[in-house]
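Taken in sequence, the protein lines are chains B and X. Under this note's numbering, residue 269 is the last one in the first sequence; the count climbs by one each step, no gaps. Under this note's numbering, residue 570 is the last one in the second sequence; the count climbs by one each step, no gaps.
Check before you lean on any hint, since a few could be wrong.
[Unchecked claim] Pairs of lysine to any residue, SDA-like flavour, derived with a Cα cap of 20 Å:
#1 X/Lys396 x B/Thr92
#2 B/Lys144 x B/Phe133
#3 B/Lys108 x X/Pro345
#4 X/Lys398 x B/Ile2
#5 X/Lys374 x B/Pro15
#6 X/Lys374 x B/Leu110
#7 X/Lys519 x X/Ala535
#8 X/Lys377 x B/Ile2
#9 X/Lys405 x X/Gln447
#10 X/Lys374 x B/Thr95
Hints are computed from structural coordinates only; laboratory data are not their basis. These numbers were taken from a predicted model, which means no experiment stands behind them.
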Amino acid sequence: MIAVLRAELRKLRRPTLFLPTLLAASGLTALTTALLYLLIDSPDGNGREGMKVTAERLSAPDGLVFGFQSAATLLGVIALCVFAAQTAQEYTYGTLRNILVRQPSRMKVLGGKYLAMSLFAVLIVAVSAAVSFALAFGLAGGAKVSTVLWTSADGRQATLNALVNVTVATIGFGTFGMILGLLLRSPISSIAIGVIWILIVENLLTAVVNGIDKYLPGQLLTSVSTGGSISFDGTQVMSYKYGLAGSALYVLGGAILVSILFKRRDVAN
Amino acid sequence: MTSAVSVQDLTKSYGNQVAVSHATFAVPHGSVCGFVGPNGSGKTTTIRMLLGLISPTGGTGTVLGSSISEPENYLPRVGALIEGPAFYPALSGRENLNVLATLGKFPKDRVDQLLETVGLADRANSKFKTYSLGMKQRLGIAAALLPDPQLLILDEPTNGLDPSGIHEVRTLLGDLAQSGTTVFVSSHLLSEIEMICDSLVMLREGRVIFSGATHELLAAQQPLIIARPENARDLEALGQVVESLQKSFKVVDGALEIMAPTQWAASLNRAAFESGITLAELQTQLPTLEETFFDMTEGAS
Chain B
1 MIAVLRAELR
11 KLRRPTLFLP
21 TLLAASGLTA
31 LTTALLYLLI
41 DSPDGNGREG
51 MKVTAERLSA
61 PDGLVFGFQS
71 AATLLGVIAL
81 CVFAAQTAQE
91 YTYGTLRNIL
101 VRQPSRMKVL
111 GGKYLAMSLF
121 AVLIVAVSAA
131 VSFALAFGLA
141 GGAKVSTVLW
151 TSADGRQATL
161 NALVNVTVAT
171 IGFGTFGMIL
181 GLLLRSPISS
191 IAIGVIWILI
201 VENLLTAVVN
211 GIDKYLPGQL
221 LTSVSTGGSI
231 SFDGTQVMSY
241 KYGLAGSALY
251 VLGGAILVSI
261 LFKRRDVAN
Chain X
270 MTSAVSVQDL
280 TKSYGNQVAV
290 SHATFAVPHG
300 SVCGFVGPNG
310 SGKTTTIRML
320 LGLISPTGGT
330 GTVLGSSISE
340 PENYLPRVGA
350 LIEGPAFYPA
360 LSGRENLNVL
370 ATLGKFPKDR
380 VDQLLETVGL
390 ADRANSKFKT
400 YSLGMKQRLG
410 IAAALLPDPQ
420 LLILDEPTNG
430 LDPSGIHEVR
440 TLLGDLAQSG
450 TTVFVSSHLL
460 SEIEMICDSL
470 VMLREGRVIF
480 SGATHELLAA
490 QQPLIIARPE
500 NARDLEALGQ
510 VVESLQKSFK
520 VVDGALEIMA
530 PTQWAASLNR
540 AAFESGITLA
550 ELQTQLPTLE
560 ETFFDMTEGA
570 S
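So that you can see chain B by itself, here it is in the shape it has in the complex:
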């Protein structure tokens, strides 16, 4: 499995994927963070879906991670695209047959690929976090946000929690992408269906059917990334533990299904 992991890392670090992906992820996180501080006095709000995040709220111990966590779903979508493309391209390029001739154990191939892409997801999260945190510190003064509590023990704990939660959610989104890639065996189809589902279908369903977000994989993962979902009025919509358990069910169920498929399916292309 280590050999597959190392081989996959070679593919992931290709210039056409590595830098653009990191730039896209850190750019989106930077944009979300910057808007949070630059629009702090805007009557239209400065957070997700027009939410108003005050200077007082941002001065709390977990204020540092607010911008970073707001971009978590976008980081997840990026991970979904990378995992889906890296998996499905083996079918479209026909390279899966080369891989399986060199490593006939299909579970090792799957495990090695997953580990490598998860490491890449960790890197995406780490770089995005670094950019977001640097921007938050840089813009806090201008937005009259105090950074004193950010570096307190509570602040450090909140930052660590956010890093872990966003990483777990990002890998979860990526796993969703990998499942689609293995099912559909086409990068374009798996990315299109994954992105449309997460960004459009789930949001439409959530807006139309009350309480359905508790059963949607994207909403569950988003709630993991933010440590639980909070509504506009501040009440908790979905607990962190519920989000984690629901996400785990989806991810594990899907992973088991595609593992069986991948192990048994003929490689005929």
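Chain B is already provided as a structure; the job is to place chain X on it using the hints.
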């Protein structure tokens, strides 16, 4: 001689569609064995079953002494190029080989050595997507050679190569066979197969119609006797002589072509002489593999 590949009743069907039906053949160790058949005859499916990519629906087989149900036991000693070269377009030729070398835990210097062997050293750092078809094919052959294989399975290795490339591949396969590597090669270039293969497996509609030494197959075919009279006006009379000897003939370029055993040429020569016809040319030709192939697979492709 033991077999590098041996299959018995190997079968693959997709619902009612039978891709390979009860294939039984053996590839002798150290031989260069050709694998021929019309498109859709089941060659690639058979190769994929040998490589563990497709599960057979019936039959058994061994590759390098291990059952085909346990490909992990023999694949580290097998090199393969299946249905054309497949690589990552955005990676260079070298990087593509490095990915496979990392997967198979092969030494890195093997990559450079093989790039040199297949004549790609100068373009090793160019992206795969910029390669010509011939260069892609060379890279595929290099990838197949990565494990320094005991068995090399090549599916159409000369596809897209120019005549000098084909000649290089032929030489390479010959050298590999000399060093003890077994080569199992499928190709539509039957003249090439005839030149390099000492044994042959022929498929038609998923069934093996011949498996054995190439020379045995060709020797079993009826030779062609070409008889050309010295005087063109005697052609019709010569045809009557042939018919009197109970043989049919075709007229091609002022000569008669007759399918008959080699010894029969003497009878024809004698009968023509007795009829006052002098023959300017009398020769026997064994059919080529291509002619034999068309005879045996007639109506299938």
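For the pair supplied as a hint, X/Lys396 and B/Thr92, confirm whether the alpha-carbon distance does not exceed 20 Å. This hinted pair holds, its Cα atoms lying about 18 Å apart.
Does the structure keep X/Lys377 and B/Ile2 at a Cα separation of 20 Å or less? Measuring from Cα to Cα gives roughly 17 Å; hence the hint holds.
Distance restraint between B/Lys108 and X/Pro345, which requires alpha-carbon spacing of 20 Å or less: 15 Å, holds
Taking 20 Å as the top limit, are the C-alpha atoms of X/Lys374 and B/Leu110 close enough? OK: X/Lys374 and B/Leu110 at ~18 Å, within 20 Å.
Hey, X/Lys374 versus B/Pro15, does the alpha-carbon distance stay inside 20 Å? 24 Å, violated
Restraint status (C-alpha distance of X/Lys405 to X/Gln447 at most 20 Å): Violated, at about 26 Å.
Pairwise hint evaluation, B/Thr95 against X/Lys374, where the allowed Cα distance is 20 Å at most: Judged against 20 Å, a Cα distance of about 18 Å means the pair holds.
Hint consistency between X/Lys519 and X/Ala535 [alpha-carbon to alpha-carbon, up to 20 Å]: 19 Å, holds
X/Lys398 paired with B/Ile2 [C-alpha distance capped at 20 Å]: 28 Å, violated
Pair hint outcome, B/Lys144 versus B/Phe133 [Cα-Cα no greater than 20 Å]: With Cα atoms ~16 Å apart, B/Lys144 and B/Phe133 stay inside 20 Å; holds.
Checked against the numbered hints above, the structure breaks hints 4, 5, 9 and satisfies the rest.
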